[in-house]
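2 protein chains.
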Amino acid sequence: MKTFISPNGVRKFTSGKVLPTETITVNDFIPSVEKFKGSITNNNDNTQLSFELNRDDIIYGLGQNVRGINKRGHIYEAFCSDDPNHTPDKKSLYGAHNFFIVHGAINWGMYIDFPGKITYDVGFTNSNLLDILIEGVDFDIYYFEGTLKEIVNQFRTLIGQSYVPPKWAFGYQQCRWSYEDQSKVNAIADGFEAHDIPVDAIYLDIDYMEDYKDFTVSEARFPDFQALINTLKEKDIKLVPIIDAGVKIEKDYSVYEDGVKHNYFCNDNQGKPFVAAVWPGKVHFPDVLNKEVREWFGNQYHAFLEMGIEGFWNDMNEPAIFYSEDGLKDAIEFVKNQEGKNLDINTFFALKDSILNISNSNKDYKSMYHRMTTEDGELLVNHYDVHNLYGYNITRAADEGFKRFDDNKRFFMLTRASHIGMAKHSGIWTGDNHSWWEHLKLNIQMMPSLGMAGFLYAGADTGGFGFNASAELVVRWLEFSMFTPLLRNHSAMGTRVQEPWQFDDETTKHLRDIIRMRYALVPYLYSEFMKANINGNLLFSPLSFAFEDEQSKRVEDQLLLGDEIMLTPVYEQNAKGRYVYLPEDMVMYLIKSYEDLESKPFELLHKGYHHIELDTHETAVFIRKNKLLVLTKPHNRVSQLNNDELVVIGFVESAAEYNLYNDDGSSFDFRDGKFTKTNFKVVKEQSNYSVSVDTNDYSVSAVTFYLIDDLGDCQVVKQGIVQDKPKLV
Amino acid sequence: MKTFISPNGVRKFTSGKVLPTETITVNDFIPSVEKFKGSITNNNDNTQLSFELNRDDIIYGLGQNVRGINKRGHIYEAFCSDDPNHTPDKKSLYGAHNFFIVHGAINWGMYIDFPGKITYDVGFTNSNLLDILIEGVDFDIYYFEGTLKEIVNQFRTLIGQSYVPPKWAFGYQQCRWSYEDQSKVNAIADGFEAHDIPVDAIYLDIDYMEDYKDFTVSEARFPDFQALINTLKEKDIKLVPIIDAGVKIEKDYSVYEDGVKHNYFCNDNQGKPFVAAVWPGKVHFPDVLNKEVREWFGNQYHAFLEMGIEGFWNDMNEPAIFYSEDGLKDAIEFVKNQEGKNLDINTFFALKDSILNISNSNKDYKSMYHRMTTEDGELLVNHYDVHNLYGYNITRAADEGFKRFDDNKRFFMLTRASHIGMAKHSGIWTGDNHSWWEHLKLNIQMMPSLGMAGFLYAGADTGGFGFNASAELVVRWLEFSMFTPLLRNHSAMGTRVQEPWQFDDETTKHLRDIIRMRYALVPYLYSEFMKANINGNLLFSPLSFAFEDEQSKRVEDQLLLGDEIMLTPVYEQNAKGRYVYLPEDMVMYLIKSYEDLESKPFELLHKGYHHIELDTHETAVFIRKNKLLVLTKPHNRVSQLNNDELVVIGFVESAAEYNLYNDDGSSFDFRDGKFTKTNFKVVKEQSNYSVSVDTNDYSVSAVTFYLIDDLGDCQVVKQGIVQDKPKLV
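Line order of the protein sequences matches chains A and B.
Under our numbering, the first residue of the first sequence is numbered 1, with each subsequent residue one higher.
Under our numbering, the first residue of the second sequence is numbered 730, with each subsequent residue one higher.
To be clear, the hints were calculated from the coordinates, so they are not data collected in a lab.
Keep in mind that a hint or two might mislead.
Lysine-lysine pairs mimicking PhoX-like chemistry, simulated, CA-CA at most 20 Å apart [stated by the list, open to error]: (1) B:K1081 x A:K352; (2) B:K819 x A:K441; (3) A:K553 x B:K1305.
Whole structure, please, built from the sequences with the hints as guidance.
Shown next, in the form of structure tokens:
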């Protein structure tokens, strides 16, 4: 392997020549003589890496996957998979994120830049080994050392800043597979109005299309799509349609005709467009690893953009394959041959498997080819070898298409499949989870590793997609999602409806209170999101990123959100409270509703272990020592939020300071320095506070401080703001 | 409904005439005018019961099922199901146990005596309702009120004493699907010897049979079965073969020929033996709801008993059906008809489902008939209507067969499917779980509800059956199973081997220490098991059964074991400790190994919430106030255990007393008062203890007391026992 080093000390090891994943945006490496940390061996066409683990080492990362924050004790795969059963035995979900950190006596991290399958045996087969199998010999490895924060920062600097959504994307979003027609969508919008519940977006799942054809709208069910968009726009609600990866094979369907004409689809081994079956029936897959195809496919979005659509979600882009013609033929043939036979049991199971294993088969992936654009021109590559780049590039096609439409407007974009590097182009949701308490916990535990991989704009299907949700689960889940950048309630066809008013009156009230509280949090969430993005930090981090004690390393169900607060979500059925570990004294803000602020629901809790009572409608947020949490007065749309009545809750032992970031929320002008900063300072002298607010945000006019000291006493200080001119930029 | 009352206040409500489930062993009811507590309505052939729940009511019971100790917030079914995926969305597992308790301002319990399907919506659809749908109009309902303990006791008194296994069944048991031949079984036995690990039983899964034919042995793989039995017997290891429900259809196979000749099998709607396919291929099911068939089938066990086999496990007796001839034919026909068609997506999913839903279909269950023995003679009943009685009665057949063979010998028996009332005949294991941490937790949470249904001799497949186990999971799981009456390590074909020496040397040592500790615990476990059984109490109970504070009601991951100790198992990956709630001061005994006792690993912890450190090989047991825990010196077989060197660990504030029950462990003579009782008394006066041991067990000769006081100080008191004559019987 060739070895390089960057000015900030990142090592790069190169084996052969990696296919262009285009995940690295900075390349300032110079040759070096560094030695590779672990053992590395080649077996046939594979590469085996092996690293010794100390008994108490913790492994972070691997992005979107099952199990805990500490990934030790399981085998994972980086291989984008459409598998809705996120049980603990699974090795991969929808994303392939080859970044991890070993947290021990020395902290080190690694990013393996490789587009095919990689398997990680993280202390499973042998408790003290991390074994990594790369299915190939051409790859780059980046190696990092430092504090946990530094390692994440080094990696994130390499892959570039992440996707920035429009600010309305921080509002509440409502989805279901499917709101079946135009009147249903209007009824859902009306439901929010009738129940006085904030909302910023309503989604369209696959049934809005004509026969599941991308970029079409069913005339029968959505007779006046433009009117629907307009009606919702008047209500300031965004309509977010889905786009799937497969393009339906249908004569006279322009996307299909165009794609075939220009050879824009992935081919089979005969050089003909590869045929798979997904929702529309038979489809071709746009060959988005080819730059020309990306441009073509990205341009397909323009018609919707012209109509006023401002956001999309891309689904089924692992790509999911229900079956291929050959796969189905083989399976039917196998089943047919068993007819009338006295099946032995092995044959019966083979019969079951022949049908069960028909979807997403490697055989199909290995029968598909790309004409990949590389610096040396077009290269014919087998899909299996670059599988993890597909979802990435089809969503990148959309993003590039948006930029061609308007290069200074932020469009909303979510994708299911992903890869490192894709974080530049889109947010993600965590796929087709279930209404299981276990999946609320998984949601909590997944947020930090998603952030490490660059996915800051992320969240799970709140309430759970598959299976039926109880009112309690939806309430508890929302109490966590209240803090995730993507807050989307989504449920599957055939499951219990779970819009916020679908349970009982008490639940509707709780959900309204939680969603309103979310809107109160938007300034803080947006500010921390933008800072984490710009500075290459995490938005959600494990406690060990800020605290060095042994206990903090082991906490799997509490998260730091930005630098100011700690979350302790309840994720167990019928629970009336939970245990909490505090690495230092903190102030608990017991949230019932925004209005309840006036009752000063704050309590000082000391460093150590605690059990806190949290009834179903109560959420705890912990404010760290000498830190400030900013809230605004909630409204029913993000666009209605302004900073004229701010609330600052501070745990101030001596002095605290917070800079609230804000910008226009819709353009990229912030990159030119067009953003506002509101600086809050609190200094405590004996039992008195002096507070100051320094801002270039003209909307800021009154700030109420709730200041809790190290005895737990709360003082309220009100501050009017008289602004002269912007001081801070 | 007709209403009755028993002398101890149990109410009975009778609707129509229930089919004889034979679950109730006491019938001292007299007519009464009591009113039914909830609402009751008939819809067509179903009956709907409805009960209001208060906001904080807790629901215990429903026996073997998914989810927590508190069953509120989900829909459950009583319908014996062979489903190996025990995910939280499932409604039923292998057992059907229609007993539950509502724990609130008033505690009440209910047993619904009914052999068909019942659905329980426990505050799911409506948080404040318990809705029960009985698929029938003929049933008895028993209604209980009192303390939680009283309600369980009333119910357990009605259904009679539970199965009592031979004492060796409290030893460590090793299983795998499958130890493929005679030499492998011997090698496993040798493995325990080579690694100096205690063991009392090795199991044979289905592959020991000739073509999966019940009561046969493969000559190729087990050429000298008698020699194998003898060799193991010399080592004092029991061999436990499996028996499945389905009898292979094969000419000249005597069980088949005999059964057909006498019409002993369940019939189809043509009156011909119903054909299902399971492991042996095509089978018939013995019609064990018929007394004559039960006798015939039970007698089949005698040949094995003659050879020296002393225990069995009954599997696949829900009964599981892989497919029926009609079901398979329909599915293949459906698949065949899709050949060459351009499938739309709905048809594709229908195709998948046609194959997926072929097993355990209600259509098949509804095509099968029994000639059920009733007091009015033989009654032709559809299998679906009495489905939950099948596993019960096929295992009862075995038990009745054993008793005919030797009515004063305890045979070992485990079954997968079960029903209330079957607890008289056999123990159960919790079915085909997975090597998931979630299933260790499920095992913990299921133990109390199994006990409520009468299943005291119970345990899960330790380490997990399906999927691959990590060393850490096997260690942690065994740390819990160390306390369950059934302690069996079992794993499935194709998964990682998990005998105690299959990981690394450190893990082997830990597992040896844990299993040895289990043997040290056998006297206490056996004593508590027998007392719980005789007195109709729980062996494992939720904290609320002993403590009345609000916190105790909510604890879902700690259990009381007998009256003396509390368990706080670790069930999370990579954990180095856990939270513990103490409703009163207790002494923590930190178990590393039996030998480590001498280091006095005891710590007094005060009432309240705690976080305790527990490294992977450490188990915590909490000794309650003024209670004593008895240990014996471990040996490698239960038969080698004796009471000559006992250890008593006591948390004594003022005075404590414990009666250790023991008997011959192999016969039913205990029913005639032939058992021993060793009474330990400790009285504390200031800082001195006076101890006494009063016993009719002649083996008891030396007792070492470790006595911890309410300051946490530990004193060691040694007591030699000079026995004159038995005082206590």
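Status of each hint after checking the structure:
Note on K1081 of chain B and K352 of chain A: the hinted pairing holds, with a Cα-Cα distance of about 9 Å set against a maximum of 20 Å. Among the hinted pairs, K819 of chain B with K441 of chain A is consistent with the structure: their alpha-carbon atoms are about 19 Å apart, no more than 20 Å. With a C-alpha separation of about 10 Å, the suggested pairing of K553 of chain A with K1305 of chain B holds against the 20 Å cut-off.
In this structure, none of the earlier numbered hints is contradicted; all agree with it.
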